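> Sequence:
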Amino acid sequence: MIPESDYTRVLREHGIDKISQANIRQCVAVSKAMEPVLGEPFVHLEFGVPGLPACQYGIEAEKAALERGVPNTYANVAGEPFLKEAAARFVEAFLDIKVTPECCVPTVGSMQASYTLFLILSQYEKGRDTILFIDPGFPAHHTQVNILGIRAISFDIYNYRGQKMRAKLEEYLQSGRVCSIFYSNPNNPTWACLTDEELKIIAELADKYDALVVEDLAYLGMDFRKDYSKPFQPPFPPTAAKYTQRYMLLISASKIFSYAGGRIAIAVFSPRVFKFKTPLLKERYGLTDTFGGNYIYTYLYSSSSGTVHSTQYALAAMMNAAVEGKINFVEDMKEYGRRAKRCKEVFGKHGFYLVYDKDGDEPLSDGFFFTMGYIDPETGQPMECEKLLSRLMRCGICAITLNTTCSEQEGIRICVSKLSSDADYEKLDKRLEEFTKLK
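In this text, residue positions in the sequence shown follow numbering that gives the first Met the number 0: the first is 0, and each later residue adds one.
Treat the hints as calculated values from the structure; they're not laboratory data.
Incorrect hints may appear among the rest.
[Unchecked claim] Cβ-Cβ distance ranges computed for the label pairs, FRET-style:
hint	residue 1	residue 2	range
1	Ser301	Met0	34 to 42 Å
2	Asp421	Glu323	32 to 40 Å
3	Pro40	Lys241	30 to 38 Å
4	Lys163	Gly14	17 to 25 Å
5	Pro40	Ala259	15 to 23 Å
6	Pro35	Ser419	17 to 25 Å
7	Val48	His349	37 to 45 Å
8	Lys163	Lys241	45 to 53 Å
[Said to hold, decoys possible] Using 35 Å as the maximum straight-line C-alpha spacing, the simulated DSBU-like pairs for lysine-lysine come out as follows:
hint	residue 1	residue 2
9	Lys163	Lys281
10	Lys348	Lys386
11	Lys241	Lys340
12	Lys325	Lys276
13	Lys199	Lys274
14	Lys207	Lys125
15	Lys62	Lys348
16	Lys429	Lys163
17	Lys167	Lys17
18	Lys325	Lys386
19	Lys333	Lys281
20	Lys97	Lys343
21	Lys429	Lys417
22	Lys17	Lys438
23	Lys199	Lys167
24	Lys241	Lys348
25	Lys274	Lys357
26	Lys97	Lys17
27	Lys62	Lys417
28	Lys274	Lys343
29	Lys276	Lys348
30	Lys276	Lys340
31	Lys125	Lys229
32	Lys348	Lys417
33	Lys167	Lys62
34	Lys274	Lys438
Just so you know, these numbers come straight off a predicted model, no measurement behind them.
Just so it is clear, CB atoms sit at the ideal spot from N, CA and C, and this is done for glycine as well.
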């Protein structure tokens, strides 16, 4: 166990006043700095990195592209045609949504996609300057809008599931200032999955109030309660794109193909959104008067001049392999479900409870993330985020707090990607036992 004096010293050296306000990378840095004091590695539950090997189809395709010398040429900023075609086919195969290749635009990971989308969404129409987040969410998205100086509002979905969501959304949308409704599904950090009913509500209200829906599908198909693994065959993952043409989808290679280091994703626009007339952007930038054209030639071009050429070959190969049934990425990802089930059992053994635990009346799926809370024996109430994570860190367990995800609940987010052996669970069990003994 780490003495409190060493813990506070390390926080001070990293310029952190409260660990509950630290972002993911700061939590990583603090835990690494404390490992010499602990005398052994931390149990790392904070970092959402793949815990499985990268897809071999991607590796071989990128290797071949590099050997052909493609890095000597700038990639098409709109995306290479072979990738755009593969992406359109992938979207149809696994979401049952038809889009044209021109509507599929590669980005440097979903992080660049969201960053540039926040910009264009807040600028394309006069008076619409606000992003509405359905939270909890990925902390970096809130950081992005803060960096950009874009107005954002949000609400914690905890008390607004099902039909309760309608009134809450309208409360914000009726101002007329909301340009976009943004959320992840399955959700990071809770692993809650919006139901078909809820997605239909979002779509209906987006149409009613002229807002655009952005779905972050980083964990596509990873609600393991149903089998979404068969291309072109139902069932398909629920999506608001079934009920509105005012949508954009973010599909990343990082988790579904374990290709995080390649930094590549696809921003998928509905044909209607891609061709939206945007005279305000034409007047401001002088390039084109369509939403899709401005996204590519104004925002993407100025931020990175496109996506890495060789990695586009990798993503195209992986998407084609999935569509053709050569790989089953959903089946591969089920390993995270098995890890989550076992990890929840260890936490439950020591008195922890799931904070976000159901979709409607159905228990959450086991997957990449989940959330845990702990009743403070001193108060009989959920232990506050700061106290909870501080004590876990002193016991050699690193996570992030729910308040950093804009949740109103007390607790932590758990990522299971790094729990790969029996020894990892045994170490977690031992350290949680130490946690329960802390005074």
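> Taking the hints in turn, state whether each one holds.
A quick look at each hint next to the structure:
1. Ser301 x Met0: 34 to 42 Å: violated (50 Å)
2. Asp421 x Glu323: 32 to 40 Å: Since aspartate 421 and glutamate 323 have Cβ atoms about 36 Å apart, the given range 32 to 40 Å holds.
3. Pro40 x Lys241: 30 to 38 Å: violated (45 Å)
4. Lys163 x Gly14: 17 to 25 Å: violated (40 Å)
5. Pro40 x Ala259: 15 to 23 Å: holds (21 Å)
6. Pro35 x Ser419: 17 to 25 Å: holds (23 Å)
7. Val48 x His349: 37 to 45 Å: Given a distance of about 25 Å, which is not inside 37 to 45 Å, the answer is violated.
8. Lys163 x Lys241: 45 to 53 Å: violated (21 Å)
9. Lys163 x Lys281: violated (39 Å)
10. Lys348 x Lys386: OK: lysine 348 and lysine 386 at ~20 Å, within 35 Å.
11. Lys241 x Lys340: holds (31 Å)
12. Lys325 x Lys276: violated (40 Å)
13. Lys199 x Lys274: Distance of about 23 Å is within 35 Å: holds.
14. Lys207 x Lys125: holds (18 Å)
15. Lys62 x Lys348: With Cα atoms ~46 Å apart, lysine 62 and lysine 348 exceed 35 Å; violated.
16. Lys429 x Lys163: It is violated: about 41 Å lies between the C-alpha atoms, which goes past 35 Å.
17. Lys167 x Lys17: Given that 35 Å is the threshold and the Cα spacing comes to 31 Å, the pair holds.
18. Lys325 x Lys386: Given pair lysine 325, lysine 386 is violated - Cα atoms ~48 Å apart, limit 35 Å.
19. Lys333 x Lys281: violated (46 Å)
20. Lys97 x Lys343: violated (38 Å)
21. Lys429 x Lys417: holds (17 Å)
22. Lys17 x Lys438: holds (19 Å)
23. Lys199 x Lys167: Holds, at roughly 15 Å.
24. Lys241 x Lys348: violated (41 Å)
25. Lys274 x Lys357: violated (38 Å)
26. Lys97 x Lys17: violated (47 Å)
27. Lys62 x Lys417: holds (27 Å)
28. Lys274 x Lys343: The given pair, whose Cα atoms are some 46 Å apart, is violated under the 35 Å limit.
29. Lys276 x Lys348: violated (57 Å)
30. Lys276 x Lys340: violated (48 Å)
31. Lys125 x Lys229: Not satisfied, since the Cα-Cα distance of roughly 43 Å exceeds 35 Å.
32. Lys348 x Lys417: holds (20 Å)
33. Lys167 x Lys62: violated (49 Å)
34. Lys274 x Lys438: violated (61 Å)
Of the hints listed earlier, those the structure fails to meet are numbers 1, 3, 4, 7, 8, 9, 12, 15, 16, 18, 19, 20, 24, 25, 26, 28, 29, 30, 31, 33, 34, in rising order.
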